[in-house]
Each structure stands twice: as structure tokens, then as C-alpha cells.
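With chain A held as given, fit chain B onto it using these hints.
Number of protein chains: 2
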Amino acid sequence: MNQKVTPLSGFPELLPEYRAVEQRVVDLLRATFELHGFAGIETRAVEPLDRLQSQGETSKEVYVLRRLQADESASDSGLGLHFDLTVPFARYVLENAGRLEFPFRRYQVQKAWRGERPQEGRFREFTQADIDVVGRDVLPFHHDIEVAQVMVEALGRLDFLPPMTLQVNNRKLIEGYYLGLGIDNPLLAMQAIDHLDKMSRADVKVLLTATGLGGMSDEVAERCLDFATITSTDTSFVEEVRALGVQHDLLEEGLVELARLVQSLQSLVSDRVRVVADLSIARGLGYYTGTVFETRIEGLESLGSICSGGRYDTLATDGSTTYPGVGISLGVSRLLVPLISRGLVQPGPKVPSRVLVALVDEESRPDSDAVATSLRRRGIATEVAATAQKFGKQIRYAERRGIPFVWFPPSGDDGGHQVKDIRSGEQVPADPTSWTPPEETTQ
Amino acid sequence: MNQKVTPLSGFPELLPEYRAVEQRVVDLLRATFELHGFAGIETRAVEPLDRLQSQGETSKEVYVLRRLQADESASDSGLGLHFDLTVPFARYVLENAGRLEFPFRRYQVQKAWRGERPQEGRFREFTQADIDVVGRDVLPFHHDIEVAQVMVEALGRLDFLPPMTLQVNNRKLIEGYYLGLGIDNPLLAMQAIDHLDKMSRADVKVLLTATGLGGMSDEVAERCLDFATITSTDTSFVEEVRALGVQHDLLEEGLVELARLVQSLQSLVSDRVRVVADLSIARGLGYYTGTVFETRIEGLESLGSICSGGRYDTLATDGSTTYPGVGISLGVSRLLVPLISRGLVQPGPKVPSRVLVALVDEESRPDSDAVATSLRRRGIATEVAATAQKFGKQIRYAERRGIPFVWFPPSGDDGGHQVKDIRSGEQVPADPTSWTPPEETTQ
Chain A
3 MNQKVTPLSG FPELLPEYRA VEQRVVDLLR ATFELHGFAG IETRAVEPLD
53 RLQSQGETSK EVYVLRRLQA DESASDSGLG LHFDLTVPFA RYVLENAGRL
103 EFPFRRYQVQ KAWRGERPQE GRFREFTQAD IDVVGRDVLP FHHDIEVAQV
153 MVEALGRLDF LPPMTLQVNN RKLIEGYYLG LGIDNPLLAM QAIDHLDKMS
203 RADVKVLLTA TGLGGMSDEV AERCLDFATI TSTDTSFVEE VRALGVQHDL
253 LEEGLVELAR LVQSLQSLVS DRVRVVADLS IARGLGYYTG TVFETRIEGL
303 ESLGSICSGG RYDTLATDGS TTYPGVGISL GVSRLLVPLI SRGLVQPGPK
353 VPSRVLVALV DEESRPDSDA VATSLRRRGI ATEVAATAQK FGKQIRYAER
403 RGIPFVWFPP SGDDGGHQVK DIRSGEQVPA DPTSWTPPEE TTQ
Chain B
3 MNQKVTPLSG FPELLPEYRA VEQRVVDLLR ATFELHGFAG IETRAVEPLD
53 RLQSQGETSK EVYVLRRLQA DESASDSGLG LHFDLTVPFA RYVLENAGRL
103 EFPFRRYQVQ KAWRGERPQE GRFREFTQAD IDVVGRDVLP FHHDIEVAQV
153 MVEALGRLDF LPPMTLQVNN RKLIEGYYLG LGIDNPLLAM QAIDHLDKMS
203 RADVKVLLTA TGLGGMSDEV AERCLDFATI TSTDTSFVEE VRALGVQHDL
253 LEEGLVELAR LVQSLQSLVS DRVRVVADLS IARGLGYYTG TVFETRIEGL
303 ESLGSICSGG RYDTLATDGS TTYPGVGISL GVSRLLVPLI SRGLVQPGPK
353 VPSRVLVALV DEESRPDSDA VATSLRRRGI ATEVAATAQK FGKQIRYAER
403 RGIPFVWFPP SGDDGGHQVK DIRSGEQVPA DPTSWTPPEE TTQ
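Those protein sequence lines, which keep their order, are chains A and B. Heads up: the first sequence is residues 3 to 445, going by this note's numbering. Heads up: the second sequence is residues 3 to 445, going by this note's numbering.
Please keep in mind that the hints were generated in silico from the structure rather than gathered at the bench. Careful, some of the hints might be misleading.
Because identical chains cannot be distinguished in the list, a pair is counted as satisfied if it fits within a single copy or across any two copies.
To be verified - Capping the alpha-carbon separation at 20 Å, the derived lysine to aspartate or glutamate pairs in EDC-like fashion look like this: (1) K113 - D29; (2) K395 - D363; (3) K113 - E44; (4) K392 - D29; (5) K113 - E103; (6) K113 - D86; (7) K113 - E15; (8) K395 - E103; (9) K395 - E300; (10) K392 - E103.
Predicted, not measured: the structure shown is a model, and the values here were computed from it.
This is chain A alone, in the form it adopts within the complex:
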């Protein structure tokens, strides 16, 4: 295989020391999800194109599959790679409805693919970590609270990453407010307001009032903007909304839900994860019907939301039964890759080994292997030196890999086994059948 190799734009790959960080993120997420009773599943990478295309605006970004030597009638023609984990999950629920227990809590950590133009935080291949709760016919609101709590707890465990802010809102609240204001097409207003994170208030006002766009009166546009610029870290947004004097049943319903959500998250707020009711958050796509979530990395808000989701009253339907759901999806690549490229995350170890067993000479390799076996029996990740170089070179071999301990088996006249902490330089006698790495106080 003698060929030129070049990275592919939009298909990020990590060196082992950064893959270790990604793996740690995934492990912590998974541990949190399972602690809350979420079952892990994986779905196939492909879906029929008609299923992918029914999702509207993303369809143009789908990667279609074709076998190099396929005929048209092949059973794998008309397939594309999934662009998120929600579409395949909805299909999985329908396909297995008779064999699942509802409400069904699941998590799913998998890759997804989109053929869009690569840019920072946007990839053609990326890893997502999703949690959803799906019910049959009904799904009480407390599950909205549940998924938010689980994700806030999970994000809180990622204490080696910058702080994050979960922004919450409720589509009933937004739609109710707009309907109460007499706006016919709340979706259009929502899409304009959605630009508030990138455009000035004045520019968004242009979108709301211009003929052919929002077409609102100046006053109505101002009242939209007054509403959408409300934020609060507690339930004080409720009074602020009421002070705007708009009345609608849907607005009331949304206010109650959002206040319950914000209240229920207070005990989980920390320096690591803040929670803000932000009434500008709407999520562009049409299918959310209540709670909506977005998440920003503090100081890197321009990267957009790295963890988003919400309530959809119809996650899936087979015509007779409807499956409502609520979920939230963390963009693992979208979070990590920009942090790595900006040097904002410490690399992990290049190898999992805690100990390198040195080699006195090639003939005594079985002795070094026996030490390694003994250490591994107690769960200590260990490798044996590749070649019997001088000990100084073997120590540098460990240093380059970030292995903290080098073990020296007895050689010739000298006494017994010794182990060296190459960070402190301390070297002590040790017994391979009982030694364990001391608590890491040095670094």
C-alpha cells in the first residue's frame, strides 16, 4: 500500500492521546445514562432514502450508497447514511414496538454523516450521544425534566472541559405568545428570532418587519423582541413575560412547563454547567412541540449549540399508534474537535499502560513477561519493553509514551525487583505479586 495519504476535510480523526479523551467523555456519558436506567442501543448506519428525505431540509446533505457492481434491483439500493440518530431511533421504535417496554429510555452513541461543506464545528462524519424517552400514546412532562437532568448531570462530570450553559425554552410558550400577539405564522417569527444569537436586535427587527419576510408592524416586532430577549437563571422570567401583558392558553401552559423545568434543574447547577431560561431559543426544525434545549460552551458561543433537543409529540407513528418523545443530543465531535484544535483540552495518555517492565536481555524476556502477568492480574495495565536497549533508553521509551512507572527485574548480581516513578525519579524495591501504583500525588 504505497500511496499518498492526505486527511479528508470534514472527517476528523484523533491521535491516540486525544481519542483517550473522547473515550473518557463517552464513558462518563454512558455511566450517567445507565445510572438513570437508559438502555444502550445501536442502529444500522443506513436508512431507506425515502425515510431520510421525509426530514425535509437536511435531505440534500445525505450520502447515498451504491455498490461498485450493483444492479438496480439490489436490496441495498436506495439506501443512505443516517444524518442524525433520531430518524433511525424513530424507525427502530416502530419496527420493534411490540418487543420494547414503554416508556422506553434509550441512549445511543454513534457516528452520523452529512455531506455539508466542512467548517469549524461542522463535520461530514461526527459522533453523537443521544438520550431519548419515548412513550406509547402519552408521555408525561416529567420526562422532559428527566432528560434535562440526566444531560446536565452528564455534562457536569466532564470537568476537564470548559464550562457549559444549557439554554431552555418551550415552544408552547413562544407560539402562545405570538398567537396572543395576533401573529398568524409563528414559525416565520421564530425563524427570524432564531438569528438573535448572530445578528443585532436591529437587524432581526428588519427580518420581522420587512415586507415579504415577517411583515409585522413596528410595535409587534418590538414586543416579539422584548419577549425573545428575556433570560433568567431562575423562574423570574415568568413575571417578566406576564409583565408584557400578552394572554393565551398555550402561553400559560408553556410558562408552567418551563418554570417547572428550570426549578427542577436548580439543584444541578454548578460552575461547570449553568442553566438559563432563554426565550430566544426555538430550534429551527419544525417538529418540536414543547421543551427545547440548546447548549453553548462558555467563551466559544460562536461554535453554536453542542447539545440540543426537545419534546416532539410525534416522534413516530404507524398510523394508529403515536409515539411521543423527548430527547437531547450531544455532539461529541462538535464539542471536542474544536477544543482539541484550539489546545483547550489536555491530551490523555498515549497508551493505557501504567507500567513498563524493562528487559534485562532478550533471553530473560520470560522473566519480564512474568512480572507483567503478575501486575495485570491486579488490573494494572502493563507492557514489556520492545527491545533490550540500555535501561536509560528504556526509561525514555516510557517517557515518550507517558508511562509513569518502569519496573526493573533482577539482573545478575543485584538484589531484587525495583520500580521507578520516572516523574519523581524515586526508585524502590517492589514485589510483583503485591505492588500497586501509589496514589498519584506527583505529576
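Just chain B, lined up with the frame of chain A:
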């Protein structure tokens, strides 16, 4: 999303209780690999088609990607999904050679795709778990021993699966024997001998002797078959080969290597994993140059090898530097999916929860949530009942999910917290701040 859903042939998906088994397999593999100092990486799903097609016979099975609305000049045209993890790993090594430490030990658990006709044990999408050690310019033979030991240890941990047999051989031994016999084209003979697991000795002899096929004399064919039918669980194969009276330097080299390998695996042999030197094993593909591995599930030999690999003196080359490697690849889907469909593996739990906290009524949900939080703080996976049904129904809710314990918070007049083991029916008072599930002795 109201559409007909049908499973796709060749793209297996698992229910949560079987995904739990697959996850357990992957976790045990990973723990073993890391214990031996193997670093985890992931590579992108796609490779340039010319890289995939340089692998000869599998090229016809490649899935090619195309964006629904792409033009020909797009940077993601000419890409296909990888059909194994070796081709992308070789490319990753070349691409990152300057940033990796050699010998580089890596494991990789990912999906791969092949457009072949689905049949039992052959899928269009499947999960592989690979370990490889790759050197720069040189890679001593002890790494062949290392990867075999690591995989045997890993397979040994899968004690909920049927026993397996690792078959080992050495291409130098085979080629040396054939060359010593005066056979010009050892590869042709090897490919004929490869059919010994499915065809009778007499039929394979036809392949070896027929004009236009092997074209050997009857006597030479018999000597090939005498050689290829040698098997031994220890190093006694060495004497058997020597007794055949063929001499060649390569044969000697292969005998020494294979004997060392078999000897070094003796201490790892168990009821779970047997090791056999089987001189019929050659691995069809051309690039192996020494040790070769295959693995059969005992009683399901017809499924073929579920874990294969070997030594390749040129895993990758950039023209000036050559990277030799030795590796072994476990077909996770290929192992598990047939076992699941035959009912030969016990399903895992449908949910990770160990405890269901019952709900007295919807108003007291915060009390049940507080119990759950308290249990989770000690790492006990817990969920709260979805609705405040009668306790009998909540117990059946737990039963259906395989949750062993139901927790009853105080309700009304009755005293304190109680927890019920629904398998034994035993119910005892319990403190949410200190209770932990008793050791599982009942089931």
C-alpha cells in the same frame, strides 16, 4: 414519519437485551486490550476508492458514497465505506507516522461494510474488534506471541459464550514445505488446501492434481495432504513434520516460530479457549507472511473463522519506510448474531436499572426522585416509576424490564422506606442513604 418499516437483510440490529450482551463483549475485550497497553483509536468510515480497490478481491463489495446533490469535483467524491479495519489502520499509520510511537499497539472496535450477499455469519454491516502491533522497519517475532496471548486472554473472559478454538499456523512453514517438495506455486496449493475444512481429503486431492488446477503428481499431492492434516495441541507437530522428510530453510524458520507460539500459549489454554496448531490453516489473502490465526466456535465450525489474522511484513509503506505488523481481528457481529439467532446466548437485562423506585402518587414524585438520587450517588442504577399505578402494577413494570428491586417510599401512615427483591419476594426496611443491593445469590 408514518411509513412502513421492514428490517434490512444483512444489517443486523439488536434489541436492548442483546445489545447489552454485545456491549459486555466489547467492554471485556477493551479491558483486556488496555491491560496489555493497547491504545484505542477510531478511523473515519470512508477511504478513497483507489485505496480500497488496491486490496484486490474485496473491491467489488465496496459501498461507494455519493451526495444526493453533488457535482463531480466535490472533495468527497470517490469515497467508499471501509470493508475492514486493517486498510484504514495502515493508512492512519502512514498519515500519522511522525506522531506515533513505534512499536505502536492499537485496538479498534468499529463497524465495517461489505456489499456482499447476506448469509449466516456474513453481514453488510458488522462490528469488528481488531488488535495490531506495528513496527517501523522491524517488528520482532515476540509481538506475534503477544497478539495471540492478548486475544486468547480476551476470548477466555467471554465465559457466557460457547468455547472456542484458536487455530495457528505459519506461512513460512507452509511455503517452505511446498518449496522443499519442489512445488513452484505454493499459493495455488495453499488455496486448494484451504478447502480442507469444507471438502473431503479426496476432493481436495482432485484440486491439487487436476490439470489446469494444481497439476501435481499423485505422490506430491499426498504429501501435501499428509502435511496439511497435521494438528496438535502442543509442539508435537514439529516431529510429525520432520518425519515427512522435507527440507527447506523457510520450513525450519516456520517450525521454530510456530513451536514458540504454541508453547507460549499453553499457560492460557482453558476449557473456554483451546489452541491447536493446524497446518491446514493458510488464510486465503496474499499478504500474510508468517504467523496466521483462525478461530472456530466449538459446535458451530460451519460458521467459519470468527477471529482471524496474522503477520504481514508490509502492513504499510511510504516507499522509503516499511511498517511490518501483526494483528488479529474478532468479528463481533459474526460471533454474536448467529449465537443470538440460535438462542445460544442468554439475553442481558432490558434496562441497566437495578432498582425501580415506586411512586405513591404523582404529588410525591419529588420524594421518589430523592430516593433515586440518593441511590445513584452510590452508583446504583435507578429509575422512578413512570406513573402512580397500583403497587402491583408497578412491580410488574419492574418485572417486565428485569429490574430486581422495587423501592417503596413511606406512604401515609406506614412507617419507613422498604425495598422488595421481586425475585424472592423478600421485603425489608431500608435506608436510601446506605442500602446497597445484596450479593446476587437468588435468581
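Hint check:
{"no.": "1", "hint": "K113 - D29", "result": "both (16 Å within a copy, 19 Å between copies)"}
{"no.": "2", "hint": "K395 - D363", "result": "within (13 Å within a copy, 68 Å between copies)"}
{"no.": "3", "hint": "K113 - E44", "result": "both (10 Å within a copy, 11 Å between copies)"}
{"no.": "4", "hint": "K392 - D29", "result": "neither (38 Å within a copy, 37 Å between copies)"}
{"no.": "5", "hint": "K113 - E103", "result": "neither (26 Å within a copy, 27 Å between copies)"}
{"no.": "6", "hint": "K113 - D86", "result": "both (8 Å within a copy, 17 Å between copies)"}
{"no.": "7", "hint": "K113 - E15", "result": "both (12 Å within a copy, 15 Å between copies)"}
{"no.": "8", "hint": "K395 - E103", "result": "between (58 Å within a copy, 14 Å between copies)"}
{"no.": "9", "hint": "K395 - E300", "result": "neither (43 Å within a copy, 45 Å between copies)"}
{"no.": "10", "hint": "K392 - E103", "result": "between (61 Å within a copy, 18 Å between copies)"}
Checked against the numbered hints given earlier, this structure breaks hints 4, 5, 9; the rest are met.
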